[in-house]
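Respectively, the protein sequence lines represent chains B and P. Okay, so the first sequence: first residue is 3 according to our numbering, each after it adds one. Okay, so the second sequence: first residue is 176 according to our numbering, each after it adds one.
Derived by calculation from the structure, the hints in this document are not laboratory data. A portion of the hints provided could be inaccurate.
Claimed, not checked - Every beta carbon over 10 Å from chain P, so not counted as near; a handful from chain B, in silico: (1) Val61; (2) Thr62; (3) Ile67; (4) Leu72; (5) Asp85; (6) Arg104; (7) Pro115; (8) Glu134; (9) Glu155; (10) Ala185; (11) Asn198; (12) Ile211; (13) Phe230; (14) Thr234; (15) Asp242; (16) Ile243.
What the hints assert, rightly or not - Coverage of chain P stretches by chain B, computed from C-beta distances (three or more under 8 Å per stretch; other residues unrestricted): (17) 383–394; (18) 439–446.
Note that CB positions come from ideal geometry on N, CA and C, so glycine has one too.
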Amino acid sequence: MEKITNHPFFIEALNVQLGFQPRSPLSDKPISFQLKRGLITGLIGPNGAGKSTLINALVTGQSIIRGKLLCYGIEKNRVSKKDSSNLISILPQEPTFPRELRVKHFLELAFLPSTGLLKPLPSVESEQFELELNTLSLKPLLNKYLKQLSSGERQRVFLARALLQKPRGLLLDEPTNHLDPKATSDFWQIIQICKNQFAIDILVSSHDISLLKKECDWILAIKDGALFFDGTTDDFFRSDITEKLYA
Amino acid sequence: MTFKKKYVVFIISAALILWALPFIGSENLSFQAVWKSSGQYALDHRILWSLRIPRLILVLTVGASLAVLGASYQVVFNNVLAEPYILGVSSGVTLGLVVAETFFDLRSGTPQNIAVGLLFAGLVVMLFLLSYQWRSGRGLEKIVLFGMGLNFVFSSLLFLVLSYRSQSLGAGSIRWLFGHIPWLNTSQSLIFLLINLTFLSGLWAMGRLIDGLTLGDSVAYTFGFSPAKIRGLLFLLTSLQLTLITSITGAIGFIGLVVPHCVRLLFHPGSTRLLFIISALVGALFLGVSDSLSRTLLPPLEFPIGVITTLLGGPLFLALLWKK
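Based on the provided sequences and hints, a complete structural model is requested.
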């Protein structure tokens, strides 16, 4: 675990080729990059470029045909069960969830990996989770059912679930897709808090270029399964690379 | 009603029903027969302890198991229409039973043919399904559709055999379609109870893992869970249990679909384990009441139990949906 704590990089790709079938990778050109810690990295690219495939590969260890994909210096299938939940957490693009569950019970599922099978899950209402709940202003929602929430509230609840897992890194797959402008800016405010106060490294995929320009420190662009750009946000927007990316 | 009140009302009524069930039947038994076995109570005592109680054990076990199996499938498939028979396991078993009885003259109810012919049928289906799941990796909808396909094929084969049989052998087909409760003796029903309790505790233990699956596979992976393995184990356990139950009682409909629903609507359990426990209780009581009704509506006639469960539960369920 100490090795993980001191590792300088959040995510590293070493000559990675992604794909669903071993014989047909998304691209012939392997991907290599290193994401430093302490940053919000925007992952962009046209539809079908492989953004979700990359995010899923980081979590599941699947769809990696060649090369190594590392989180904090270790491969997914080398992570011990115990460490897995504290390494990275994910907010999937279309999260599935039990609609009939109360918010508090849903949030308590974040403690599944850290609680023994026979012990009761800790209550989310106990004091040690005050900070997370207040940051995401979730206190008033705790007794509601998930099906009663608006899209914005629901996304905050999903984010809270991911945070309560106490991860080092967070993967967000198009998190503000269904949100109105107000909910979107609220959501990003929380993301900034995650980075600054909770010291969480963040990789977020999105199509909202202007938001990424405002919020991200680093940009990773992929196109047709190959790396297209890897650099600071300023460099990305200084050039005419956006047009080429979507051309 | 507040949360706690609901549980209190539920537990008290459950206890009352459970206490009354053994005394309901075509013979009216006196309560003293529970402990008195001599003189005028001799017959009542025997009816109670050698017929009604073993039957009640069987019925409660089956009811509880079917409700929990249904609940587990509804959670895992994230589909409110899922029920224990969705994978085609029990229609395979039923087909095996009927074929064994019709063509090989293995009378149903004898332990040998239950053990051999019918476990086999279930296993074939189960292996079929597991290999299918491992080959395709993901796609829960595909598994459901695959099971539905199997169901159609097995059911039509079943009808084929039954219609052949009704011409050559006569009646008795209806119980294969709606389920029936056989008269087991005390030790048989206790063994049945024990085996099912083992399976149910396995499912209960898996409750936490199933909770993890409800968040989606990618989140489950970050927990260090392996969704495919968890589902594989769950299908293995449930299919084995379903094979056992179906080979004794046939496929009793409706319970596995509706009991977990009602439990969710009424109690909103906060975890899969709690859902399992309440479903088990409600399912047991529901089948217990249905069985009593099937025997007492027009004695000595015994209605197919599946018909009663549907007639009893359907309107209840509709009323509940209407109210919500």
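Minimum Cβ distance from B:Asn198 to chain P greater than 10 Å, as the annotation requires: Given a closest Cβ separation of 23 Å, the condition holds.
Exclusion check [B:Ala185 not at the chain P interface, CB over 10 Å]: holds (21 Å)
Consistency of the no-contact label for B:Ile243, given chain P and a CB cut of 10 Å: holds (30 Å)
Consistency of the no-contact label for B:Phe230, given chain P and a CB cut of 10 Å: B:Phe230 clear of chain P: closest Cβ-Cβ about 24 Å, beyond 10 Å.
Interface-negative label, B:Thr234 against chain P, beta-carbon threshold 10 Å: holds (28 Å)
Assertion that B:Glu155 lies outside the chain P interface [Cβ separation over 10 Å]: holds (17 Å)
Status of B:Ile67, Cβ more than 10 Å from any chain P Cβ: B:Ile67 is indeed farther than 10 Å from all Cβ atoms of chain P, at 15 Å.
Nearest-CB test (10 Å) between chain P and B:Pro115: The claim breaks: B:Pro115 does not keep its Cβ more than 10 Å from every Cβ of chain P (closest is about 4 Å).
Claimed clearance of chain P by B:Thr62, with the beta carbon kept past 10 Å: violated (5 Å)
Check on B:Val61 being off the interface with chain P, judged by Cβ distance over 10 Å: violated (5 Å)
Whether chain B covers the stretch 383–394 of chain P (at least 3 residues having a Cβ closer than 8 Å to its Cβ atoms): Since 9 is at least three, the answer is holds.
Chain B covers the stretch 439–446 of chain P, three or more CB atoms within 8 Å, holds or violated: Since three or more residues must qualify, the claim that chain B covers the stretch 439–446 of chain P holds, with 4 doing so at under 8 Å.
The structure fails to meet hints 1, 2, 5, 6 and 7 from the earlier list, while all remaining hints are met.
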